[in-house]
Amino acid sequence: MNKHTDKGRDSENKDDEKNWLEWLVFAVSLLLLLGIFGYLGYQVKTYDPTDPKVFAKARHDPSEEAPNRYQVTITNKGGTTAEEVISEFILYSNGEEKEKSELQIAFSPKDSKREGWVTFSGEPAASDSVVARVKSFKKP
Amino acid sequence: MIGNRPVSKTLKEYARGITGGLLFSFPLLYTMEVWWAGFSATPLQLLMLVVVTYLLLLGYNRYAGMRPGVSWRSVMIDSVEEMGIGLVLSFAVLLVLNRIQLTDMVLSSEMMGKVIIEAMVVSIGVSIGTAQLGSDIEEEDNEKLEEEKRPGRLGMIVLAFCGALLIGGNVAPTEEVVMLAVEAEPVHILLMALASLLLSVVVVYFSDFKGTAAKVSDDLLFWLTFDTCVSYLVALLASAFALWFFGRFDNVSFWTAFSQTIVLGVLSSLGASAGRLLIK
Chain B
1 MNKHTDKGRD SENKDDEKNW LEWLVFAVSL LLLLGIFGYL GYQVKTYDPT
51 DPKVFAKARH DPSEEAPNRY QVTITNKGGT TAEEVISEFI LYSNGEEKEK
101 SELQIAFSPK DSKREGWVTF SGEPAASDSV VARVKSFKKP
Chain D
1 MIGNRPVSKT LKEYARGITG GLLFSFPLLY TMEVWWAGFS ATPLQLLMLV
51 VVTYLLLLGY NRYAGMRPGV SWRSVMIDSV EEMGIGLVLS FAVLLVLNRI
101 QLTDMVLSSE MMGKVIIEAM VVSIGVSIGT AQLGSDIEEE DNEKLEEEKR
151 PGRLGMIVLA FCGALLIGGN VAPTEEVVML AVEAEPVHIL LMALASLLLS
201 VVVVYFSDFK GTAAKVSDDL LFWLTFDTCV SYLVALLASA FALWFFGRFD
251 NVSFWTAFSQ TIVLGVLSSL GASAGRLLIK
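Residue numbers (our numbering), protein chains in the order written: chain B, 1 to 140; chain D, 1 to 280.
If you're looking for bench data, these hints aren't it; they were derived computationally from the structure. Fair warning: this is a prediction, and the values are worked out from it, not measured in the lab. Mixed in with the good hints, there may be bad ones.
[Said to hold, decoys possible] Below, simulated DMTMM-like cross-link-like pairs (lysine to aspartate or glutamate); rule was C-alpha separation at most 25 Å, straight line:
| # | chain 1 | residue 1 | chain 2 | residue 2 |
| --- | --- | --- | --- | --- |
| 1 | B | K138 | D | E33 |
| 2 | B | K139 | D | E176 |
| 3 | B | K139 | D | E183 |
| 4 | B | K113 | D | E33 |
| 5 | B | K135 | B | E83 |
Take these sequences, add in the hints, and give me the full structure.
Now the structure itself:
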């Protein structure tokens, strides 16, 4: 850090002297920076700018107020971020499509998970399954 | 070598640095476009940002705030310290703001991107805060110091770049710059460019030349024009760099990219001319 606040500026060498605390902060900072460079260097080397690969999953997660509620996970396994991801969830009953629900999230970064919930009307017992799919997304 | 500088003095400097770091970077820590840039930027862009920030810190620490007598070794060590403090502060603030979660995949690219981008801004703030906030030196010493550290032309360019990035960088990631640029007619862009130049002339004249006009009266016009041009060009360069980094030049026409640079240049030019005076 800047040492212009010292008195005795006549001694230039004194400016270069550092106490144990400054050396400690420097050592930790250097380790952090080297870590960042190592991490970024590795990322640059392995960077694969493939299109986003976004998929949605839904699992039954009832609450007291919403017994037919599903917890939704949007995962991006591609190499880049997806923006404005719209997912669609279709509830089937006796093999027939009964109800649709939609979830929109602003961003799905690569290697990330986003969680949300969708609810359907009616009793859970009357439904068979929920099919989840990502309807659309764009590149930022 | 371990010197005998009092630890209390060091702690005071760190406190100043942390205050400055937060003071200058809070607007960006609270801006969602910057978080988004954290996961949209490529690893190479992040690497370049870290290198450019380190070079800026070297330049700032060399030409402002420190005595000319201080060795390059010290300048390099101080710059590393400032980046380390920036990284820790950025991580802590983003954690408190719930922008990153420890429960996430450890070292996810999203988390690292956010922390690295914000840390670069914080570290510049730390550097300026340490140099500018408060002072232990007496007034007489202060005057001598001001005299000693009056930077040359290269120093002024470095400081202008720091000032432009500091002021323009706060606005560069926002959608408003794109909106202003695409909705402006060519005449508005021209007026913005002229306004930026006028602001630069006024600031450069009343700050750098006032009082010294008698000494440089022969060359006043030349130096005023030269300084204004350099100041504005540096501001445009800093604007273009910031806009490119935040992906504002992706898939847009040359005119749109140019307009955005001029729009941001209004702020950056003030940062380059006035900002460099505040932070030197």
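Hints and how they fare:
| no. | hint | in the structure |
| --- | --- | --- |
| 1 | B:K138 to D:E33 | holds (17 Å) |
| 2 | B:K139 to D:E176 | holds (20 Å) |
| 3 | B:K139 to D:E183 | holds (23 Å) |
| 4 | B:K113 to D:E33 | holds (19 Å) |
| 5 | B:K135 to B:E83 | holds (12 Å) |
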